[in-house]
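Novice: Letter by letter, the chains look like this.
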Amino acid sequence: MRGRAAAPALTLFCFAIFTAWQALRLRLGALNSPGPGFFPFWMAVGLALASLALLLPWPSGPEGPPGEATPAPLRGVLMVTGGLAAYGALLDVLGFVLASFGFLVFLWAAIDRQPLFRSVLRAGISVSAAYLLFDSLLRVQFPRGPLPF
Amino acid sequence: MAGMVDSLVYGFSVSLTPWNLLACLVGAVVGTIIGVLPGLGPVATMSLLLPLTLRMGPTPAIILLSGVFYGAMYGGSTTAILLNIPGEASSVVSCVDGYQMAQKGRAGPALAICAWGSFVAGTIGVIGITLLAPPLAELALAFGPPEITAVLVLSFTLVIVFAGGSRARAACMALLGFLLAAVGQDPVDATPRFDFRTFTLLDGVGFAPLVIGVFGIAEVLANLGNRGAPERYRGRITGLWPTREDWKTAGPAIGRGGLLGFFMGILPGMGTIIPTFLSYALERRLSGHPERFGHGAIEGLAGPESANNAATAGSMIPLLALGIPPSAAVAVLAAGFLTHGVPPGPLLIAEHPDLFWGVVTSMYTGNVLLLLLNLPLVGLWVRLLTIPYSYLFPLILLFCAIGTYSVANNPWDVFLMAVFGLLGYVMRRLDFPAVPLILTFVLGRLFEEAVRQSLARSRGSFAVFIAHPIALVTWALTALVILVPLVAAARRALVGRGEGRP
Numbered sequence: 001m002r003g004r005a006a007a008p009a010l011t012l013f014c015f016a017i018f019t020a021w022q023a024l025r026l027r028l029g030a031l032n033s034p035g036p037g038f039f040p041f042w043m044a045v046g047l048a049l050a051s052l053a054l055l056l057p058w059p060s061g062p063e064g065p066p067g068e069a070t071p072a073p074l075r076g077v078l079m080v081t082g083g084l085a086a087y088g089a090l091l092d093v094l095g096f097v098l099a100s101f102g103f104l105v106f107l108w109a110a111i112d113r114q115p116l117f118r119s120v121l122r123a124g125i126s127v128s129a130a131y132l133l134f135d136s137l138l139r140v141q142f143p144r145g146p147l148p149f
Numbered sequence: 001m002a003g004m005v006d007s008l009v010y011g012f013s014v015s016l017t018p019w020n021l022l023a024c025l026v027g028a029v030v031g032t033i034i035g036v037l038p039g040l041g042p043v044a045t046m047s048l049l050l051p052l053t054l055r056m057g058p059t060p061a062i063i064l065l066s067g068v069f070y071g072a073m074y075g076g077s078t079t080a081i082l083l084n085i086p087g088e089a090s091s092v093v094s095c096v097d098g099y100q101m102a103q104k105g106r107a108g109p110a111l112a113i114c115a116w117g118s119f120v121a122g123t124i125g126v127i128g129i130t131l132l133a134p135p136l137a138e139l140a141l142a143f144g145p146p147e148i149t150a151v152l153v154l155s156f157t158l159v160i161v162f163a164g165g166s167r168a169r170a171a172c173m174a175l176l177g178f179l180l181a182a183v184g185q186d187p188v189d190a191t192p193r194f195d196f197r198t199f200t201l202l203d204g205v206g207f208a209p210l211v212i213g214v215f216g217i218a219e220v221l222a223n224l225g226n227r228g229a230p231e232r233y234r235g236r237i238t239g240l241w242p243t244r245e246d247w248k249t250a251g252p253a254i255g256r257g258g259l260l261g262f263f264m265g266i267l268p269g270m271g272t273i274i275p276t277f278l279s280y281a282l283e284r285r286l287s288g289h290p291e292r293f294g295h296g297a298i299e300g301l302a303g304p305e306s307a308n309n310a311a312t313a314g315s316m317i318p319l320l321a322l323g324i325p326p327s328a329a330v331a332v333l334a335a336g337f338l339t340h341g342v343p344p345g346p347l348l349i350a351e352h353p354d355l356f357w358g359v360v361t362s363m364y365t366g367n368v369l370l371l372l373l374n375l376p377l378v379g380l381w382v383r384l385l386t387i388p389y390s391y392l393f394p395l396i397l398l399f400c401a402i403g404t405y406s407v408a409n410n411p412w413d414v415f416l417m418a419v420f421g422l423l424g425y426v427m428r429r430l431d432f433p434a435v436p437l438i439l440t441f442v443l444g445r446l447f448e449e450a451v452r453q454s455l456a457r458s459r460g461s462f463a464v465f466i467a468h469p470i471a472l473v474t475w476a477l478t479a480l481v482i483l484v485p486l487v488a489a490a491r492r493a494l495v496g497r498g499e500g501r502p
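Read top to bottom, the protein sequences are chains A and B.
For the first sequence, position 134 matches number 134 in the numbering used here, and the numbering has no gaps at all.
For the second sequence, position 150 matches number 150 in the numbering used here, and the numbering has no gaps at all.
So that you can see chain A by itself, here it is in the shape it has in the complex (with noise of 0.2 Å):
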């Protein structure tokens, strides 16, 4: 359980000194007259803290609900992640339909190893009811890119 711990107490803990490191550099203040830097400071020397706290045993609390019986595969986590990534960055750039659509397919032939023309004709579907229902109908402003709409 502590060899599980040790990777995220040493994330969280190098995250922790970077931000304090980044707090110092705004004006501090004192204790009776904290400055803006002063709750991000301490803040993150007290996830240092407790960062490191993760590797000793505590008492714990209540049980939480169980977790995911089935982890996800880890490929599949990372390219959704980077697909969705990717949409936010050619957003603007492609606009909301293109963009969508070129996401939709991605995600049904790429992850969910359809065949593209299926992929292609649910997408096509999807994303023109979208854009009725949140362009039409919710008044959504979306970034046009090339096509007229």
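Quick caveat, the hints were computed from the structure, so don't treat them as lab data.
The beta-carbon is built from N, C-alpha and C at its ideal position, and this holds for glycine as well.
Away from chain A, derived, C-beta distances all over 12 Å, residues of chain B: (1) G3; (2) V9; (3) L21; (4) P134; (5) P135; (6) L136; (7) A142; (8) F263; (9) I266; (10) R285; (11) G288; (12) E291; (13) W475; (14) A476; (15) R497.
Beta-carbon label-pair distances, calculated as ranges: (16) V9(B) <-> R118(A): 54 to 60 Å; (17) Y391(B) <-> R27(A): 49 to 55 Å; (18) I470(B) <-> V45(A): 25 to 31 Å; (19) R497(B) <-> I17(A): 34 to 40 Å; (20) L56(A) <-> S458(B): 34 to 40 Å; (21) R492(B) <-> T11(A): 28 to 34 Å; (22) L78(A) <-> T17(B): 46 to 52 Å; (23) D195(B) <-> V120(A): 39 to 45 Å; (24) V45(A) <-> R492(B): 28 to 34 Å; (25) T11(A) <-> L347(B): 41 to 47 Å; (26) A129(A) <-> A190(B): 40 to 46 Å; (27) L133(A) <-> A408(B): 16 to 22 Å; (28) A110(A) <-> V495(B): 54 to 60 Å.
We have chain A already, so just place chain B on it with the hints.
Specialist: Positioned in the frame of chain A, the structure of chain B alone reads:
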């Protein structure tokens, strides 16, 4: 009392207008659907709908979002009973005896007792809010920054203590939430912090990318391994009216579960899960036949189901009266209030009585609607589960992206949502609780502001934090919350050592 009845009548006159009734119906139906379907919980759905409610007035918007919250509690139990799949984490306990009842051909009474139990618990909740929120709000009017500081410290402590699992992990997540909230302009003198000279970070980290990422995207990522549709329920659902014996056994359990859930829901960090486990344990302890539990005991289903519905109502009290959300779902509601320019808290009742009483009474209307919808449409809800997850997850991801984007029309938020989604997934895999992260993120700036304002007013004297009796009592409660588990653990260790001695 007469004033309270007048307020309720006024509330119903608001919540029963066609537009508000429609918002309530839509919220309850959407809540039931996401309660039934895996892959999107109420927190993420409420966050998704939040930007879409911008074109509505504040009252129908909050009514709709609240409807999703308690509607999900109803939906979660249907799949727990029929398929042994908890639609929501708070329905995990319902699988134990609910599924056993269905296996014995008693799916109808199980579903009916859940619906009635939820209805009664919802009613207890509404009565509780009506009785408790106005006096609490009146008391909160006397709160200044030092009292707010004390109440927030108590909230953070409760959230860490009751987060479930390791408290060190919960503390890490709470501190991470504080640090994420610190990004952007300093709340007191607007000094830029952690913006790395970018305009996007100068505005701070958005609520929607964080919540939709940590709850919505992480849920989708976690479910990627389960591609197919769950097994279809083959039995027949008959006898949707429980027998007299059922009522006799389940009735008191519903009352106890409702009261327990309501009061526990008020406490920060409790959420809707812990009350269900406690209610189950309570019913088992009080039962004359504890051996029936786990084999289809109707009170083992009725108690927890009532508890989770009453907890949703109870959790509204700190928000409506104090402006402090005690759970992640209520934090989304708080964001809903703020998005519509109405800060939740002690002034809400006086300044926006239509919104306050409209929302409170809509919860009652919503419970009636859910009762009318859920039992006749149970077949439809179960059929929803036959849609393979592979059809759904790309659409859920697209809706999450649209919901996040439409808050500020900023594609960077979609990118940030993806990052938080991955973080949320890793947190789930490593048992780091998400609720402390969200609550400290929402309340972190308020906390910093309250501490700094208190010190500025007292010219740096810390005595200001204990000058008021309310603050003093709150600090004492915080000390109790910290000390009781420590003393209990030390006692257990001593007893264990004593037993180990020859």
